[in-house]
Amino acid sequence: MHSIPGRRLILALFLVFLLLPIYWLVNMSFKTNEEIVSTMTLWPHQPTIANYMRIFTDESWYSGYINSLKYVVINTVISISVALPAAYAFSRYRFLGDKHLFFWLLSNRMAPAAVYALPFFNLYSAINLFDTPWAVALAHCIFNVPLAVWILEGFVSGVPREIDETAFLDGYSFPRFFIKILVPLIASGIGVAAFFCFMFSWVELLLARTLTSVNAKPIAAVMTRTVSAAGMDWGLLAAAGVLTIIPGALVIWFVRNYIARGFALGRV
Amino acid sequence: MDKTVNQKAWFLVLPVFLVVAFSAILPLMTVVNYSMQDTFGNNQFFWNGVGWFKELLDPSTDLGGRFFASLWRNLFFSAVILAIEVPLGIVVALSMPRQGWSVAACLVILALPLLIPWNVVGTIWQIFGRPDIGLLGYVLNNLGINYNYVSNEFDAWATVIVMDVWHWTSLVALLCYAGLKSIPDAYYQAAQIDGASRWAVFTAIQLPKMHRVLLIAVLLRFMDSFMIYTEPFVVTGGGPGNSTTFISIELVKIALGQFDLGKAAALSLVYNLIIIIVCWVFYTVMTNAGAERRPNQGVA
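Residue numbers (the working numbering), protein chains in the order written: chain Z, 1 to 268; chain X, 1 to 300.
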């Protein structure tokens, strides 16, 4: 009943549109530079893994991935652990300034990274965190913490309040109730929120690049090195690009059943 | 089901408040400070009062002209991508398969572009669109269409818009899909008994159910397109000329390129203010929509 005419065709066309540019990137990553520049080939005629080998053997390349993963993981852990109690508070209680606070958080999710690039640079240089994963992880909190609060609030509100009351009547202390009862109940919500923190921290570049120089350089910034005197190293660039897609693709697979609800921020 | 008043809840919110305040309020104070001053290097600052703001809001000056040009450009961009992505997202959501393995497969493919780092999104389209090595550019040029996003303004715009549609339509589609999933089958059965047309089902059942998620979708898409930076920067670098220089790109040029801290700070504040106002409008609409729906909530 809720299908529309020609839906298979529409969907198929759209999915092809999504996959084609990605295919082209993958295709190029297995080609040699000569093949890329000289001929237009729909698949690699002389497939090579040299581009990938270079990334995996050159420390300045693969350390970029490690640096990126470091700040993404730190950021996700911080975001979820501060957001959980706040989500509970917003869902269950009214308190002085709650609506304003919620709005203020929301507005920070929307704040343009370009505005904060320079002040963050000053701030984290001043406290000696510049060029560490912590600087980027903390900077990304500005949009990930509000997002996590927002998502988790939706999931906590889906838990009937009777459960809290019963637990307190049974003599559960608040921390014990929180860890033993609430957290398992919204485990899928926590998974979704963590996924989103991971995602937005992983895809952001402007702040990550501004706050690092050598030691904590993220992969996205390392990629700009493929421009050399001899021109662009397209194959290497494509291979590096493909490798940045893989972590995302892996995490989607784990949350695929919750992804739709997660994108609705737990509010369907 | 009214929420109980409990001021101790502040203790639960405090960690969030501290973390976000550290990242938001402290840097913003620096921005306010810079916006009132002028610098000639060497860390020497001179008081400039509201001078930068006057210049910024006056389109006849250099700074004001650049600000307004990039602002209109950005608003136009946001309007175009909303006009494409929202209807397309709804259509894609309505076309989703209902069960079986294909649902999971479609969801994963849809979500894929959302998880690609933004500069890689730019790189993908740069590679895909180049007339010499890219499939899209090559095919278009061989069809007799003279396509070159580096030198032609229209092509640059088209590339940036198609790239954004590619990148973010999935978000709208996934949100709408989540909304559609929450409609009980009984609604459709009732519609069938009443002999409702396909269009009537859409306007009377599906659209109202998607109302909330669509609001979130429009809010997120507007905000994210209004602060877009990385993707167009990688593909076009803001050009040809200034034709794809959006506000964030202009701001970074002034702040990190020219180190005109005062000008950049004034621009930042006005930029932030616009965002907060738009955000507030959406938030009010959203909470009102939420209040209307309270009675039949509970089933998440």
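There may be inaccurate statements among the hints.
With a straight-line Cα cutoff of 25 Å, these simulated SDA-like cross-link-like pairs (lysine to any residue) come out [stated by the list, open to error]:
| hint | chain 1 | residue 1 | chain 2 | residue 2 |
| --- | --- | --- | --- | --- |
| 1 | Z | Lys-70 | X | Trp-118 |
| 2 | Z | Lys-217 | Z | Tyr-93 |
| 3 | Z | Lys-99 | X | Asp-224 |
| 4 | X | Lys-8 | Z | Ala-50 |
Honestly, the hints are just simulated from the structure, not real lab data.
Given the hint that Lys-8(X) pairs with Ala-50(Z), does the C-alpha gap stay at or below 25 Å?
-> violated, 60 Å
If you draw a straight line from the CA of Lys-70(Z) to the CA of Trp-118(X), is it 25 Å or shorter?
-> The given pair, whose Cα atoms are some 18 Å apart, holds under the 25 Å limit.
Is the straight-line distance between the alpha-carbon of Lys-99(Z) and that of Asp-224(X) 25 Å or less?
-> Holds - the C-alpha atoms of Asp-224(X) and Lys-99(Z) are around 23 Å apart, at most 25 Å.
Hey, Lys-217(Z) versus Tyr-93(Z), does the alpha-carbon distance stay inside 25 Å?
-> Cα-Cα ~42 Å, so violated.
Checked against the numbered hints listed earlier, the structure breaks hints 2 and 4; every other hint is satisfied.
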